[in-house]
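Peer 1: Same order as they appear, the protein sequences are chains H and U.
Counting along the first sequence from 1, when you hit position 52 you're at 52 in this note's numbering, and nothing is skipped either side.
Counting along the second sequence from 1, when you hit position 83 you're at 83 in this note's numbering, and nothing is skipped either side.
The reader is advised that the hints may include incorrect statements.
[To be verified] Covered stretches of chain H (chain U as the covering partner; in silico rule of three or more C-beta atoms under 8 Å from a C-beta of chain U): (1) 36 to 46; (2) 56 to 68; (3) 78 to 85.
Just so you know, the hints here were simulated from the structure itself, not pulled from any lab data.
Glycine is no exception: its CB is placed at the ideal position from the N, C-alpha and C atoms.
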Amino acid sequence: MDILAIIFMTAGLFFLIVAAIGVVRLPDVFSRSHAVSLTDSLGAFLMLVGIALLEGLSINMLKILVVLILLYILNPVIAHATVRAALRSGLKPWQKETP
Amino acid sequence: MATRSRPISSEFLFLKSMALFVFWILFSASFEWIHLGLGLIFSFAVAWLNSGHSPFVPRFRLWLRIFLYLPWLFYEIIRSSLHLSKLILHPALPIDPHLISVESKLRHHAAVVLLGNSITLTPGTITAEVDRNNLIVHAIDKVSGEEVVSKKIESKIADIFKDEEPDL
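If we strip away everything but chain H, and leave its shape as in the complex, we get (with noise of 0.2 Å):
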């Protein structure tokens, strides 16, 4: 149970890096925002996964089940948030040069 913990929290901390690498990257608030969101969809759920695991049939795994339901529900309302702020405020969106 141990090591499959292991393996979850492992590819969520890949999933963690890459978003953060993501951020850095990408070149404005938009496509950053991307980024991000892949942090709350797939890395934490990882994450989550994996510290459950490890937790075991507990009240804390029940908790951390909670977590998980109120992250996939707030967290695309954040990014829609966020995004529409941005598109309201007049940000243009960075776009790829045509050649």
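Knowing the structure of chain H, use the given hints to seat chain U on it.
Peer 2: The following block gives chain U in isolation, referenced to the frame of chain H:
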């Protein structure tokens, strides 16, 4: 104050505050009288304050269909996460961000909410603006944008809501 579109049923209020109270017990994990009493008071207060705006009370059948839709959505999330990771780690950074305007044929508030959330939850596409049926979506490259243009998610959601009364 929020406009009350329908009279509040006291049973619904009671159920809501009991559900909140269960969450309180789960999170506080303490059975002293002061904590339980405070939890009971706050559960009722929150349920009462929120009673004005809950126009969407889905039926069991709808919940079941939404529940069955989630595994498919999760599979899509994993697929596009891997795609986005590949884009980010690619040395040349082959992204092509663009805005897409989509008009959906969904006729329910809840269905449009579900569609917008699903699009945002899938890495690579984010819903930037919603106006009734028109969604503006920001996609990071052509492949991610294709998922929205092809209306794969929308047809699934239309399937979920096909037996409900339209309200949009």
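Peer 1: Taking the hints in turn, state whether each one holds.
Peer 2: So, going through the hints one by one against the coordinates:
no.: 1; hint: 36 to 46; result: holds (count 4)
no.: 2; hint: 56 to 68; result: holds (count 4)
no.: 3; hint: 78 to 85; result: holds (count 4)
In summary, this structure violates none of the numbered hints.
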